[in-house]
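Asks: For reference, the chains in residue letters:
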Amino acid sequence: MALCAEIRLLIGAFDDGELEPHEMEEIAFHVVNCAECKAILEDYRALGVTLRDAVAQPVLDGFVEAVEARISALPRPLRRRVARYMESLGERLAAALLLGGAVAATAVLTFIMLEPGIARMVANAGRNGTPAAPVGERAAPSPDQIAGNQIAAGNDVDPLVTEAERSATDDSRALVEQLEADSPSVALWSEPRTDTMVIWVPDQQQ
Amino acid sequence: MSKALRPETDETELLERAKKGDSHAFSALVERYQRRVVGVALAVVHNQDDALELAQETFVRAYENLGKFESRSSFSTWLYRIAANLAIDFRRREGRHVVLRGEDAENEFSRLPSPSGDSFKALSRRELNQRLNNALKELTPEHRAVILLREVEGLSYDEISEILQCPRGTVMSRLHYARNHLRAVLKDLGGG
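For the protein sequence lines, the chains are Z and C, in the order given.
So in the numbering used here, spot 98 of the first sequence is number 98, and the numbers just go up one at a time.
So in the numbering used here, spot 48 of the second sequence is number 48, and the numbers just go up one at a time.
Incorrect hints may appear among the rest.
[As the list claims (entries may be wrong)] Footprint (simulated), chain C over chain Z, 3 or more residues, beta carbon under 8 Å:
{"id": "1", "segment": "4–13"}
{"id": "2", "segment": "40–48"}
{"id": "3", "segment": "57–64"}
In case anyone wonders, no lab produced these hints; they're calculated from the structure.
Because the structure is a prediction, the values reported are computed rather than measured.
In this text, a Cβ means the ideal position worked out from N, Cα and C, and glycines have one as well.
Go ahead and model the full structure; you've got the sequences and the hints to work with.
Replies: Quick look at the structure:
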């Protein structure tokens with residue numbers, strides 16, 4: 001009987017499978033051979049079934065929505081509001097930076113694409129003293145400009161210029177004058193990068 | 001607002017998103033654990049309206065304290081513990097239960113009939129349920145919680161121990177007491 005009293009303290013845990021393996025074995029052996037302890041075990045099992053049946057589960061329709069409503073009605077802590085504001089500020093800043101970057105990239109690309117023409121026009125403007133225009137649309141230079149260019153091209157007496165070079169220059173000047181006489185739209189300018197003189201003559205066949 | 005959540009979304013991911021203020025993620029967690037949380041509250045207060053109210057309060061408290069949850073225990077155990085604490089406090093405030101202690105409890109045990117094993121069968125299902133619910137109300141919240149968490153919610157002794165914050169041995173002894181009390185009441189009704 002003393003053994004039964006001890007066993008009965010553990011019958012519930014035995015039924016729940018919550019004992020050590022050796023205890024499980026010991027109680028299983030006892031219950032098989034003891035009608036009273038076996039009846040208690042059966043009562044416990046019946047009690048469990050009855051309890052699950054007796055305790056009605058509440059209907060949970062609308063439970064989640066009710067919780068959401070209560071949460072949305074909570075006063076927002078200052079820390080969370082600041083965090084939310086910083087988050088939205090960060091998003092707006094990121095968008096602004098993205099837009100600015102796109103604009104800057106477009107500007108750089110445009111500059112790169114136009115840069116050769118710009119550089120040439122700026123160089124020409126610097127030499128001619130007038131705003132540059134594209135080569136194909138260039139107006140005929142004035143006589144003063146041509147004279148100035150001629151001076152720049154070799155009218156100054158340079159001690160380092162040989163007689164042969166001076167003769168060649170004179171020949172060139174004569175050629176230019178003839179061309180100018182034939183066609184008033186002849187243009188003349190120097191290219192310092194290649195150290196050459198450019199003579200632009202309109203297409204004679206047109 | 002966040003994108004729609006897949007039903008199988010991982011709990012860890014849901015928690016992380018909920019901590020960052022994603023209300024959809026938290027709602028998914030509520031959806032996932034609502035039945036169990038209500039069950040835990042019901043195990044203690046034994047009243048459906050109170051249990052539903054306490055379960056809602058449990059989720060609100062959890063939402064407010066999500067930042068403090070550090071994953072030392074599982075999220076579900078943390079939730080159940082909040083629910084159990086709220087329910088036990090509520091029950092103590094309300095003071096609507098009859099506690100059997102000392103001599104009363106001993107007398108209750110002495111009424112245990114000789115076990116026949118089939119005396120429950122003599123009762124109709126309705127009588128059984130009615131009698132059992134009345135017997136549950138006679139238990140202390142702690143005893144009722146333990147037996148309902150075990151028998152109805154199917155929680156292990158370790159889980160019950162963690163939720164109710166009491167030693168495993170206490171869970172075992174409370175279960176033993178509650179089972180014997182309910183068994184005595186049912187046997188008594190059965191006339192065994």
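Asks: Next, verify each hint and record whether it holds.
Replies: We went through each hint and held it up to the structure:
1. Here's how the segment 4–13 of chain Z fares: 3 of its residues keep a CB closer than 8 Å to some CB of chain C, so the rule of at least three is met and the hint holds.
2. Here the segment 40–48 of chain Z counts 7 residues with a CB under 8 Å from a CB of chain C, which clears the bar of 3, and the coverage holds.
3. Coverage of the segment 57–64 of chain Z by chain C holds in this model, with 5 residues showing a Cβ closer than 8 Å to a Cβ of that chain against a need of three.
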